[in-house]
Amino acid sequence: MADPILKIENLTRVFKVGSESVHALKGISFDVFKGEFVSIMGTSGSGKSTLLNILGCLDRPTSGEYYIDNIAIKDLSKNESSIIRNRKIGFVFQSYNLLSRTNALENVELPLLYNNTVSSKERKERAIEALKQVGLENRMDHMPNQLSGGQQQRVAIARALVNDPVIVLADEATGNLDTRTSYEIMSLFQKLHSEGKTIAFVTHEPDIANFTSRTIMLRDGRIIKDEAVQTKSAQEALSNLPVESDDIPEEKRTDN
Amino acid sequence: MNFYNLLKIAYNALIRNKTRALLTMLGIIIGIAAVITMVSLGQSSTISINDQISSMGTNMIMVMRNNQRSGGVSIGSANVRSLTESDVDAIREKAQYIDLISPVVTASGQLINGSNNWPSSIQGGNEEFFEIRKYELESGTFFTSEDVRASAKVCVIGQTIVENLFPGGENPIGKTIRFNKIPLKIIGILASKGQNQMGQDQDDVVIAPYTTVQKRILAINYIHMINLSAQSEDVAEDAADEITEILRIQHKIKQGEDDDFRVRTQQEMLETMSSITGFLTILLAAIASISMLVGGIGIMNIMYVTVTERTKEIGLRMSIGAQNRDILLQFLTESTILSLIGGIIGIIMGIGLSYGITYFLNWPFVVSVNAVLISFAVCAAIGIFFGWYPAKKAAALDPITALRYE
Ligand SMILES: Nc1ncnc2c1ncn2[C@@H]1O[C@H](COP(=O)(O)OP(=O)(O)O)[C@@H](O)[C@H]1O
Ligand SMILES: [Mg+2]
Chain E
3 MADPILKIEN
13 LTRVFKVGSE
23 SVHALKGISF
33 DVFKGEFVSI
43 MGTSGSGKST
53 LLNILGCLDR
63 PTSGEYYIDN
73 IAIKDLSKNE
83 SSIIRNRKIG
93 FVFQSYNLLS
103 RTNALENVEL
113 PLLYNNTVSS
123 KERKERAIEA
133 LKQVGLENRM
143 DHMPNQLSGG
153 QQQRVAIARA
163 LVNDPVIVLA
173 DEATGNLDTR
183 TSYEIMSLFQ
193 KLHSEGKTIA
203 FVTHEPDIAN
213 FTSRTIMLRD
223 GRIIKDEAVQ
233 TKSAQEALSN
243 LPVESDDIPE
253 EKRTDN
Chain W
-16 MNFYNLLKIA
-6 YNALIRNKTR
4 ALLTMLGIII
14 GIAAVITMVS
24 LGQSSTISIN
34 DQISSMGTNM
44 IMVMRNNQRS
54 GGVSIGSANV
64 RSLTESDVDA
74 IREKAQYIDL
84 ISPVVTASGQ
94 LINGSNNWPS
104 SIQGGNEEFF
114 EIRKYELESG
124 TFFTSEDVRA
134 SAKVCVIGQT
144 IVENLFPGGE
154 NPIGKTIRFN
164 KIPLKIIGIL
174 ASKGQNQMGQ
184 DQDDVVIAPY
194 TTVQKRILAI
204 NYIHMINLSA
214 QSEDVAEDAA
224 DEITEILRIQ
234 HKIKQGEDDD
244 FRVRTQQEML
254 ETMSSITGFL
264 TILLAAIASI
274 SMLVGGIGIM
284 NIMYVTVTER
294 TKEIGLRMSI
304 GAQNRDILLQ
314 FLTESTILSL
324 IGGIIGIIMG
334 IGLSYGITYF
344 LNWPFVVSVN
354 AVLISFAVCA
364 AIGIFFGWYP
374 AKKAAALDPI
384 TALRYE
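Sequence order for the protein chains is E and W. The numbering of the first sequence is our numbering, which starts it at 3 and goes up by one. The numbering of the second sequence is our numbering, which starts it at -16 and goes up by one.
Keep in mind the hints are simulated off the structure, nothing from the lab. These figures come from a predicted structure and were not determined experimentally. Among these hints, one or two may not hold up.
With a straight-line cut-off of 25 Å between C-alpha atoms, the simulated SDA-like cross-links for lysine to any residue are [claimed, not checked]:
{"id": "1", "chain 1": "W", "residue 1": "K(-9)", "chain 2": "E", "residue 2": "I130"}
{"id": "2", "chain 1": "W", "residue 1": "K376", "chain 2": "E", "residue 2": "R62"}
{"id": "3", "chain 1": "E", "residue 1": "K227", "chain 2": "E", "residue 2": "D5"}
{"id": "4", "chain 1": "W", "residue 1": "K164", "chain 2": "W", "residue 2": "S103"}
{"id": "5", "chain 1": "E", "residue 1": "K80", "chain 2": "E", "residue 2": "G29"}
{"id": "6", "chain 1": "E", "residue 1": "K126", "chain 2": "W", "residue 2": "A(-7)"}
{"id": "7", "chain 1": "W", "residue 1": "K(-9)", "chain 2": "E", "residue 2": "E108"}
{"id": "8", "chain 1": "W", "residue 1": "K295", "chain 2": "W", "residue 2": "I367"}
{"id": "9", "chain 1": "W", "residue 1": "K(-9)", "chain 2": "E", "residue 2": "R141"}
{"id": "10", "chain 1": "E", "residue 1": "K28", "chain 2": "E", "residue 2": "V16"}
{"id": "11", "chain 1": "W", "residue 1": "K376", "chain 2": "E", "residue 2": "V19"}
Per the computed footprint, the stretches of chain W lying under chain E, defined by three or more beta-carbons under 8 Å from a beta-carbon of chain E, are [said to hold, decoys possible]:
{"id": "12", "stretch": "-11 to -4"}
{"id": "13", "stretch": "296 to 309"}
{"id": "14", "stretch": "379 to 389"}
Facing chain W, according to a computed beta carbon distance under 8 Å, are these residues of chain E, among others [stated by the list, open to error]:
{"id": "15", "residue": "N81"}
{"id": "16", "residue": "F93"}
{"id": "17", "residue": "L101"}
{"id": "18", "residue": "L115"}
{"id": "19", "residue": "N118"}
Ideal placement from N, C-alpha and C gives every residue a C-beta, glycine not left out.
Please build the complete structure, drawing on both the sequences and the hints.
Below is the structure:
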């Protein structure tokens, strides 16, 4: 079997708050292989975001090993982890985090601006390509406040794809969206998965996790369940949604 | 990160908030405009004053009586009135570097032509006086050495005198006017010289043979001043030394005693004036620099607020791979671009302003290239210096905390 994209062993993370220490992760181990679509589940405060931040090299574990694409993250300097984030990871956040007054295309180009090896011509081509992948080729010069919430999240997903990462990390990426739009976003993730992308998707909603192919369940900083799931099709779920929901606004508009 | 990307990032960030960028620049704009204007005006006035002094002849030398003789008791000789015609003769005889020389006697009084009155002063010189002082004729003639020898009752007058004594427009040449009751025949009219730097009217002048002023008007036997011209500007200082030497012997002044006369070259007057205007220029520039400093602090202030406001943006940039150095450079570049653009606008405004002011004051318009270059460098320095602290703060943010910031 090929080497895993992500490999973590006995990961812990302790936060010091004053004299107290909060054990957010208490020894977590699992591998993620290329082409997997993993959901990380758990109630609020179970350590999902803490785990994802470590996986995304934004944070360091207190102890334990972490390899991404066979690179030991423990040994990396701050700048080297920045480069890992830039080249190997795509982040999708709950609140989109697009730059305001900056159009969709330029938002998507942003990660490549921090990559010297990409020329400005290639940067634009790749950003356009990423926007096509999320179905927004007609919205390239729209500002975030001219886009619906679902469209903004699509721009954010395009931004996560533009550097062709080994893994896309999403933290409650559907948390700000209504059911229909959530399903649309999940359908997009399923499409990306079918195209070969490796995705780790944090959510606390079981019906969202059902669209993935494997679920890791956390409770109090420990894994209580790690199993394959019967993947449901988001496209199907969309068509099964009650008709009346077509009458309510399709997506919440969020000004950001 | 490559420089072009850095510029693009900083430029995009500034464009996203044009109004704030403009407000940030305002302090710098005003500061630089003030500095450029002050320095340019200082230079204009210096040039203007220098022109004025040079127009009197750069090789002119003046010898005056020294009224502040120290020691109280004048030693030995009869030279209580320290300058006489024999001094003039001695210089003429012994000096090598002197071209022209004229005794000068002045008197003030009332000029009368029929019912027209004009308070003025009369200058007495010899036939070389006109050339030493660079006077030119509009009509008529200068007086001659013959007139000087004979204490002839003739005079040459300036335009202001013509206007005030001959308001009817008749030709003054050949007419006789009275100065303190002494009748003087007008033989020449001077070309206009206009006002000098201190606002004095240089056309308010009557020139007569010094012997006429000395004997007929004042009834004295000494002279007030000696005007000379050195053979060239280069030897003016040598000429001044030479004159001092000759007069010390002439006045029997012993070694170690102070002179009872003063010798002034135009060069010295130029230097005195330049040192005054130079000092004023520096003073004004210093005051203006303070506003530049205030402008810099303004940049720091707004950049500091900006960093807090854009915490989430900084967190995002870090999460997609910006290194701490990239964030630092972005904010430094933003503040530097702001202060440089502010500086350029300030320089243009400063040049415009000095053009306007010199135009109205009728001074020569000069732009100090040094001031422009220095301001530009100072702008860049201000941008970096005052941008550093906020940029450092931005770069030190923790990406997770920054992303969570609301
Ligand atoms: N920066 C921090 N400082 C202190 N405690 C923290 C910090 N971040 C997270 N925690 C704690 O760690 C635990 C897990 O948090 P988190 O990973 O955000 O949970 P989830 O994303 O599953 O809701 C919580 O108890 C939380 O209070
Ligand atoms: Mg969370």
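Right, here's what the structure says about each hint:
no.	hint	verdict
1	W:K(-9) - E:I130	19 Å, holds
2	W:K376 - E:R62	22 Å, holds
3	E:K227 - E:D5	23 Å, holds
4	W:K164 - W:S103	14 Å, holds
5	E:K80 - E:G29	24 Å, holds
6	E:K126 - W:A(-7)	18 Å, holds
7	W:K(-9) - E:E108	11 Å, holds
8	W:K295 - W:I367	23 Å, holds
9	W:K(-9) - E:R141	22 Å, holds
10	E:K28 - E:V16	8 Å, holds
11	W:K376 - E:V19	23 Å, holds
12	-11 to -4	holds (count 3)
13	296 to 309	holds (count 13)
14	379 to 389	holds (count 3)
15	N81	5 Å, holds
16	F93	5 Å, holds
17	L101	6 Å, holds
18	L115	5 Å, holds
19	N118	5 Å, holds
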